[in-house]
Amino acid sequence: MICKELVYLLADYLDGTMEETLRQELSVHIEMCEPCLNFLKTYDKTRILCRQIQPEEIPEEMRLRLRSFVLQKVSEHHRDIEKYLERAAGERREQVAGILRAYVANELSPTMSVLFRAHRERCPRCGGFLKGLNGGKEFPAVPPDIEEHIAEFLEALPPGEVPPLP
Amino acid sequence: MPAERLLDDNVLLEELRKGTPQAVEMLFDRFHGKIFSLAMSILKNESDAEEAAQDVFLTVVQKAHTFKGNSALYSWIYRICVNTCLMRLRGKRRGETVSIEDFMPVFTEDGMHASLIDDWSKEVERKALDKELGQVIKRFTGNLSEKYRVVFVLSDVEGLSNEETAQILGLTVPAVKSRLHRARLYLRDQLARYLREGKTE
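Those protein sequences? They're chains B and L, same order as listed. Residue numbers for the first sequence, in the numbering used here: 1 to 166. Residue numbers for the second sequence, in the numbering used here: 1 to 201.
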């Protein structure tokens with residue numbers, strides 16, 4: 001072991017990840033070599049000193065400014081998301097109303113008609129609701145679970161089939 | 001929602017995703033100190049660090065739903081902070097940095113120390129809490145190029161493990177260890193010169 005090798009192995013030596021035989025070789029060298037002992041002590045001291053560095057503190061005025069900026073921007077961001085969600089819900093409601101009107105008025109495309117009737121027969125909730133519509137009288141409000149079913153149905157349409165306009 | 005529940009990282013993230021205002025406050029209060037000091041040690045300028053911190057918080061909130069939980073929350077946030085700061089540095093003229101090679105130990109042809117190695121470790125103990133010494137160390141590390149500085153700050157100043165530092169920076173553990181070692185050799189040498197000559201150059 002020479003000094004040069006020792007210097008480049010110091011980090012492993014100090015953090016305890018060094019293999020035992022090599023470790024002993026290093027210890028033997030250090031015992032005999034004053035410059036290396038001094039190097040080891042000062043290298044280790046450097047590490048310790050750095051742990052004690054005080055972190056850069058944010059000035060109080062800046063902290064307050066940063067805090068209100070972040071809170072403000074995040075609340076705007078969430079208002080945007082809420083607006084988007086509201087708009088999406090509105091669009092969905094209209095699409096569902098569109099297909100229901102077309103269904104009652106027998107204006108669904110042939111494919112859509114087959115698929116929609118198949119869903120009606122399969123799903124007791126929607127089936128019951130849709131049968132109630134056949135009178136063609138006043139349009140009742142669509143219960144949320146049925147709206148969700150029909151919206152899912154609309155999302156899974158085969159290629160080329162577009163939902164009827166509201 | 002009781003404030004203590006927000007101390008749980010998973011609860012905090014869940015509430016951030018929902019946009020709960022107390023969660024944003026908790027996020028800020030818990031992390032602003034670390035984010036600012038980390039940004040300062042990379043950018044070395046208060047107003048740059050402030051702008052970077054703004055970006056970091058907004059990114060954390062916007063990406064809260066993408067956090068996978070396979071690392072600790074703080075290391076995910078540090079990663080965002082480091083990336084934000086490095087992006088900002090890219091657009092700037094960098095300050096002067098020293099060449100680390102000039103401070104590496106020198107050896108004779110047969111591999112012995114070629115310069116005098118003093119033991120100043122005891123001397124510095126009396127100065128350990130000395131404010132001046134802290135400032136001097138900060139100045140020395142500030143002169144390192146960011147390749148070494150960032151690794152050094154995360155591992156030796158913030159006290160993260162080499163594995164965590166590697167994960168945050170997208171480096172391998174051996175790369176982190178070798179950069180860290182060189183940064184320490186540089187700093188050891190600078191401190192030795194400073195203590196020997198009472199000057200920094």
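Check the hints yourself; a few may be wrong.
[To be verified] Across the chosen pairs, the derived CB separations fall in these ranges: (1) L/116 - B/12: 24 to 34 angstroms; (2) B/79 - L/11: 16 to 26 angstroms; (3) B/31 - L/14: 52 to 62 angstroms.
[To be verified] Below, a list of computed lysine-lysine pairs in the PhoX-like style, where the Cα atoms sit at most 20 angstroms apart: (4) B/83 - L/18; (5) L/122 - L/147; (6) L/177 - B/4.
[What the hints assert, rightly or not] Computed footprint of chain B on chain L, listed as stretches where at least three residues anywhere in the stretch have a Cβ under 8 angstroms from a Cβ of chain B: (7) 33-43; (8) 66-72; (9) 133-143; (10) 183-193.
It should be emphasised that the hints constitute simulated quantities derived from the structure, not laboratory data. For glycine and all other residues, C-beta sits at the position ideal for the given N, C-alpha and C.
Results for each hint:
Between residue 116 of chain L and residue 12 of chain B, the C-beta spacing of about 26 angstroms keeps the proposed range 24 to 34 angstroms intact. Residue 79 of chain B and residue 11 of chain L have their C-beta atoms about 23 angstroms apart, which keeps the hinted 16 to 26 angstroms range intact. About 57 angstroms separates the C-beta atoms of residue 31 of chain B and residue 14 of chain L, a value consistent with the hinted range of 52 to 62 angstroms. For the hint pairing residue 83 of chain B with residue 18 of chain L, the CA-to-CA distance comes to about 14 angstroms; that is within 20 angstroms, so the pair holds.
Taking the CA atoms of residue 122 of chain L and residue 147 of chain L, the gap is near 31 angstroms; set against the 20 angstroms cutoff, the hint is violated. Pair hint residue 177 of chain L plus residue 4 of chain B holds up; C-alpha atoms about 18 angstroms apart against a cutoff of 20 angstroms. Restraint check on the stretch 33-43 of chain L versus chain B: 6 residues with Cβ-Cβ distances below 8 angstroms, three needed, restraint holds. Check result for the stretch 66-72 of chain L against chain B: violated, 0 residues qualifying (beta carbon to beta carbon below 8 angstroms, three or more required).
A stretch counts as covered by a chain when three or more of its residues have a beta carbon under 8 angstroms from one of that chain; for the stretch 133-143 of chain L and chain B the count is 5, and the coverage holds. A count of 6 residues in the stretch 183-193 of chain L with a Cβ less than 8 angstroms from any Cβ of chain B is obtained; the coverage claim is therefore met, three being the minimum.
Figure legend: structure checked against the earlier numbered hints; hints not met, in rising order: 5, 8.
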